[in-house]
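A.B. asks: As they're listed, the protein sequences go chains A and B.
Read left to right, the first sequence gives residues 1 to 313 (this note's numbering).
Read left to right, the second sequence gives residues 1001 to 1256 (this note's numbering).
Don't take each hint at face value.
Unchecked claim - Derived CB-CB ranges, DEER-like:
| no. | chain 1 | residue 1 | chain 2 | residue 2 | range |
| --- | --- | --- | --- | --- | --- |
| 1 | B | D1089 | A | Q300 | 41 to 51 Å |
| 2 | B | P1064 | A | N283 | 22 to 32 Å |
| 3 | A | E40 | B | E1247 | 45 to 55 Å |
| 4 | A | G116 | B | S1213 | 49 to 59 Å |
| 5 | B | E1200 | A | R177 | 29 to 39 Å |
| 6 | A | R177 | B | R1186 | 24 to 34 Å |
| 7 | B | R1186 | A | G158 | 50 to 60 Å |
What the hints assert, rightly or not - To list a few chain B residues with every Cβ distance to chain A over 10 Å, as calculated:
| no. | residue |
| --- | --- |
| 8 | K1002 |
| 9 | G1021 |
| 10 | E1028 |
| 11 | T1054 |
| 12 | A1076 |
| 13 | D1089 |
| 14 | A1099 |
| 15 | A1104 |
| 16 | L1106 |
| 17 | K1107 |
| 18 | M1191 |
| 19 | G1211 |
| 20 | L1245 |
Simulated from the structure, these hints should not be mistaken for lab results.
Even glycine gets a Cβ: it sits at the ideal position worked out from N, Cα and C.
Chain residues, written in single-letter form:
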Amino acid sequence: MSILVVMEQRGGMSLETLAAGQQLAKELGTTVSGALVGSEPLSAELDKLYLIEHELLKDYTPDGYTSALRQLIAHVTPDYVLFPHTYQVRDFLPKLATALGKVAVSDVIHHRVENGDVVLVRQLFQGKVSADVRFQGGAPHFASLQAGAYRADQVVSGQPPVEKFVPTLSAAEIRTRPGERFRESARAVDLGAAELIVAVGRGIKEADNIPLVQQLADAIGAELAASRPICDAGWLPMERQVGSSGQTVGPKMYMAVGISGAIQHLVGMKGSRVVVAINKDANAPIFEIADYGIVGDLFQVVPALIEEFKRAK
Amino acid sequence: MKIVVCIKQVPARDSQLRIAGSGRWIQEDDFTYEINEPDAYALEAGLQLKEKHTGEVVVMCLGPARASQTIREALAKGADRAIHIEEEDLGGFDPLAAARLMAAALKTEAPDLVLTGLQSDDLGYGQTGPILAEILGLPHATIIMEVDKVDGGIRVKRELEDGWFQHVEMPLPALLSIQSGISKLRYATLMGIKKAKTKEVKRFTAADLGGASSPSITIDRVYLPERTKRTQLFEGNPQEAAAKLVEKLRFEARVL
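Use the sequences and the hints to build the structure in full.
C.D. replies: As structure tokens, then:
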């Protein structure tokens, strides 16, 4: 039995996945190897580090990555293959698993080992319900791990033996032609630097109610932020969006008003020192990570808060 | 351009969820259901492409009889016809088994473009699009913001992490998963609602399409998330709760 962790060069999520792979290997009494496209040095205790090299993998394509990883999996024959749950992995992992007649368990937040079986925990209904998921049938088993679910600083370091892996790829099998990566416009608002943030979500109901949370933000000198649906609706500009497709923030205090706390939002703000939630639904996932909370109608609570903050000045 | 849009019916977003007695799923009684919101954006993208390039929009839905309502709404918004794979109990279908049914239903359709939403609001695997693309042998791209027709196929704008984007070109036929929020969703018009009643809905059962294949992942148990953090909740009337919260923020958390 063995585990293979397929890393992506960009960002710390790959190291988190590596930490998870090492942990799982220990629990299952097996070894873990790593793989990545390119030639980045890596200090981690691994059975082996596979560096996948091919001219046709210079730019990411789902066809190229699927073909290359399929060949690597046939070579390494791992039982479990773990990935960071990045946008890129979301793009090719379902295709790769399907090509092998399997389904990947996506967006995993925990795991445990029960009688030698791996049980994965993931969230359903936008974080309102958790589910224990098991693999059925033979290996390989695929999973992608959510950002922040494991800790990059727990990677056991070491000097892994490196093996170069050159897959057989032809230009004809790659059907999509990717262009250069680009950024739309410079961000005017740097929420990442804000000390206090008041963020608003769907609970605000309509655009006309936004000034109410703006007043709340003004009362304590906080930046106003929002969850994705608010920016999608055009009620606040995109640059004020917090979450996986927006900015990642870590203020002293993050006050979530009418935000239920879908995973995509939580990954952008769970590094906040103190989280305050105001929501009418006591079961909203935002309360899972909140230090303080008020369960109630925001249209009554927010005006009362504004008054209290002004009084406290 | 012949466009197939995959849509799913899910419990309304503000539903209060309770765990069913079996512990394997949620209690489904007295819910209101609606179109999976990300799929509504895929439908909107499909309708806009049809308006620009002419052609046909076919919505395809795998779900129980109650999903007819969601299908009617999609037809009322402007889809030309529908395919309903009617199956009351989808519990035994993992995303691959579900996608195999959809692929089988598309066998005689030969669409130029298949569109899906980004993920479902209920299971949230976010995989149906790329799985279906692999089964159908189509090139694909996910998290798509714009679609333009070019010589030899399409050019799409793909969202990457952290505010980055990329254009990708590919031949047709192809499959795209559409990013949510890229355009304003249309409402059905009165005329549209009237017309929807006479539009064709082709029905299959799962058995017609090969039935369930043995799953490679199963949900063992569902449960409300265990609280890992102790949240101090303030209740009572809004004034009192607000006063207590502000005091805690000033003197305990010391963030103000």
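A.B. asks: Against each hint, give a clear statement of whether it holds in the structure.
C.D. replies: Verification of the supplied hints:
no. : hint                         : in the structure
1   : B:D1089 / A:Q300: 41 to 51 Å : 43 Å, holds
2   : B:P1064 / A:N283: 22 to 32 Å : 25 Å, holds
3   : A:E40 / B:E1247: 45 to 55 Å  : 50 Å, holds
4   : A:G116 / B:S1213: 49 to 59 Å : 26 Å, violated
5   : B:E1200 / A:R177: 29 to 39 Å : 37 Å, holds
6   : A:R177 / B:R1186: 24 to 34 Å : 32 Å, holds
7   : B:R1186 / A:G158: 50 to 60 Å : 57 Å, holds
8   : K1002                        : 19 Å, holds
9   : G1021                        : 15 Å, holds
10  : E1028                        : 12 Å, holds
11  : T1054                        : 25 Å, holds
12  : A1076                        : 22 Å, holds
13  : D1089                        : 17 Å, holds
14  : A1099                        : 8 Å, violated
15  : A1104                        : 15 Å, holds
16  : L1106                        : 15 Å, holds
17  : K1107                        : 17 Å, holds
18  : M1191                        : 26 Å, holds
19  : G1211                        : 16 Å, holds
20  : L1245                        : 6 Å, violated
Of the numbered hints listed earlier, those contradicted by the structure are 4, 14, 20.
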